[in-house]
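Novice: So the sequences go chain by chain: F and A. Just so it is clear: in the first sequence, position 224 is 224 by the working numbering, and no numbers are missing. Just so it is clear: in the second sequence, position 82 is 82 by the working numbering, and no numbers are missing.
What the hints contain is simulated information worked out from the structure, not anything from laboratory work. A virtual CB, placed ideally from N, CA and C, is assigned to each residue, including glycine. Heads up, some of the hints might be wrong.
[As the list claims (entries may be wrong)] Facing chain A, according to a computed beta carbon distance under 7 Å, are these residues of chain F, among others: (1) V100; (2) P102; (3) I110; (4) V116; (5) A131; (6) A194; (7) T204; (8) G220.
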Amino acid sequence: MNFKEKEVNKMSRFRKLIFSLAVIAALVVFMVSFVECQTKSTEAGFKLADKIAERAKKGEQLVIRVVYHNTGIAFAMLIKRGVEAAAREFGVDAQMTGPVEPSVEQQVAIIETLIVKEVDGLAISNVSAEALNPVIERALDAGIPTVSFNSDASGSKRLAFYGQDLVQSGKTEADILVEYMGTKGKVLIFSCDAAAAWSKDRETGVRDGLGKYPDIEIVGIVNTGVEEQACYAAIENALLANKDITGIAALDAVTTPAVGRYILRNNLAGKIIHIGHDLMPETLENIKKGATNASLSQDPYKQGYLPVKAIFEYITKGVALESGDTGVLRVDEKNIDEYLQKLEKGEPIG
Amino acid sequence: MNDQIIIDKAKSFEMVAKRKFTFRFFKIKETGIFVAFILLFAALSLASPYFIKVENLLNVVRQISLTGIMAVGMTLVIVSREIDLSVGGIYGLCAVSAGLLMTNGVPVWAAIVIALIVGIFIGFLNGILVTYVRIPALIVTLGMLNVTRGTYLLLSNGLSVYISSKTVTDPNLDKFIYLGQGKIFGIIPMMMIFLVIVMISGYALYGKSSYGFHIRAVGGNERAARASGINVFRVKILAFIITGFLCAIAGLLNLSFLSSVQGIIGSGLELEVIAATILGGTSLAGGEGTIIGTLIGALIMGILRNGLILIGVSPFWQTLMIGVIIIGAVATDMWLKRKQV
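The shape of chain A in the complex, shown without the other chains:
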């Protein structure tokens, strides 16, 4: 009898623990989008035996690296209740600037630093115009998209900028090319390493520092944040600067990976970056979002494109299905979030 009571008590403790785990699992913000990712991953694994190959999965991560890097900055901007449509333009301008500097005799590392400064400066300009000059971010960044795009077309004269040992004299070019094309131990793409570094930095900054708390406070309720002593303008400007910096990194990696940059660089990229961010659960209303969610959002788009090509879906059907599945993924996320409330 006593043994039975002990067994029953143990079973009920186990059930409580399981319920607590389930409860905790569904409380995690990224659960919804993670579930959508797992479902999609499973479906594509069943649909194509090539999908689950290590080489393919590493390719996918490499392919979403640049979007993912820029999406970290976009997460900060959107959480602060703003938007940045100029990411594609900054990305292109920094890549073109670096390429032109290198092909005109500027040392490789100097060209990299200048490109990063360009990205930071444009981010700073965006921030100032949105905060102190009080122009809506949509307008500022849309205008900046055209300014940056026009600038790099003017600088390059619409021509491709190609970097190679024939066009760049600096012997450090090989090291620069390695940043985009290299593979650690012959397998792990360098671009993936950059993505990991940026994700960890973003996670630390957003989730574990006071800046992260401030940005969520500003996005949640700007007035209350200001009243509690947070420098709202500084928070927003920093978000734009970080985005500009990350776009510059992405542009440089693109130049390194392709060894060239073209007039169409970055075209439509802003929508990809915003889609990955929103898909990851970041709210356009501000105040809510996670870096891990953004990573999952970028991965969903990456595996979708990759999987549809492996299955052999035509490009037109791909475009349609990507839209449908994005809506489905966000719907799953929102349904699960309602369960948490």
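Extracted from the complex, chain F is given alone in its bound form:
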């Protein structure tokens, strides 16, 4: 074949490629143009997959997966302990899984894979409002009992929720802040992920709670991210820029110890009132030292335990799935010694 013929062949192959591309694109346009509203809704009554019911009947070990949205933080390990305890108690194969950093796409991919794997139950914590609703619906359509925990998937068809009333916890935080700070002052709110559904709920609660006091000004909310250095730097910068702050509401297990650390290192204990969330070991130390005035626990251990228990009992005994509130536990200078002792004994407090 001479050069000219080779060139002609090359152009011909190129044209064939372009033609096949055009055919595929035309097919897409054709299909899309006939799309009608196809919102598939789960029927009013959820139906357990026959395979799962049969496995339960035969006494086979059930496989339950607990998908947490941020497995790379210390808080997640407490949930994991709850999951593992339930796995041992009920003899199920229950594991916590999920992305090591918050990522909607990764969490959706994980849940899709677990649906294909035909797990017997799913518990999902929602990284962001509505984003997981379609995949939760797919799980339910596949006959897999699906509940949410820690951070609810609002608007989804999940069968139950196990966690704290996040708005209420924000309001309680606001009330405690006023208890220590009084009805006047300037408040900063810190969150490791201000756009997340759980954070927005708590922030709503804090703002509602403080909104009753006209002389309390909420300066703003600072999004610190989860990376420790960046988080601490964000706190430093915010507090250097707002030297007249009298109160801090930290919304999570990442910012609460970090804010306490800043207050301690800069001798601000007693000058700034700090109320936080969750009982990380550093937070408990900070409460003991007076850098943090109080922190509210949502009982992450129970948040890992309850969904596994509920799904197991639903499948094996037909016990209806009902939501469970893991409550708002306050730890402050009055009961800190009790919780430090529990921590020392290795009890799963968080």
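Since the structure of chain F is already known, use the hints to place chain A on it.
Specialist: Frame of chain F; chain A shown alone:
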């Protein structure tokens, strides 16, 4: 006797033909990474019976679609001896822009066109800054990553943008949602179709057109390419524009698939896209790379993540194993490439 000679000759021809086939097989650039892919695929098939299920494999392809689409653009950029770290930011900005426009009464198709223009424009800006202004691509695109990310956080106020019949009045919303969530014949995900279209287009552009030749020439030896009359700046700018355009497509598909977009959108995505491209055999030194290799690279990452979840590996072990297997896959590729030389 004569028969024996004929048989012997036939056998020797067959051996030569086989050797030629083997020789040709190992000459193909993607052989190394393809072998790594096959080995991994086989191992995961043996490790989990669910891996080989059609539903699962289609899920995997759907899950890597967006990375794969953006990786086609990244291949062009890296082959031209540049880099684009802003892909995650462009992806997020286009998704947020489209979502906000739709929820504020702009017709769906207009919002799509505007989002695509945004992607193209940012790609164009990247290209101009790298070529005419001569700022290193690493700096330009890193800066652009922050600019785009900051922009979409400002536009959305850090809040999720949710599209539904309650927030978007345009009746064409259903068609837009179908682009990301639809399945042809109830099985084949629409996102996979988009991936196929982009891959074929990329293959045609890169492998069968003069632009592809120019981009490899520029990446291989910029001076020689310039001396031979190739407009180097135009080639590079076009690579960045194509990347921006593909990121916009990926962002729109993400919005369509999730029906919402969040503040954390696209975070860390640039590393995924670059990893898929490099894994596919594209050389960071420029001048070398293939679209098929990039597709295989994206698939390797996809099946790895999927397989480890099916096996039940903990998230921490997953992170470690993904790194180890990526190194292993590239090592296999480089070993086989040395055999070709």
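Novice: With reference to the structure, classify each hint as holding or not holding.
Specialist: Here is how each hint holds up against the structure:
no., hint, in the structure
1, V100, "holds (5 Å)"
2, P102, "holds (5 Å)"
3, I110, "holds (6 Å)"
4, V116, "holds (4 Å)"
5, A131, "holds (5 Å)"
6, A194, "holds (5 Å)"
7, T204, "violated (12 Å)"
8, G220, "violated (11 Å)"
Checked against the numbered hints listed earlier, the structure breaks hints 7, 8; every other hint is satisfied.
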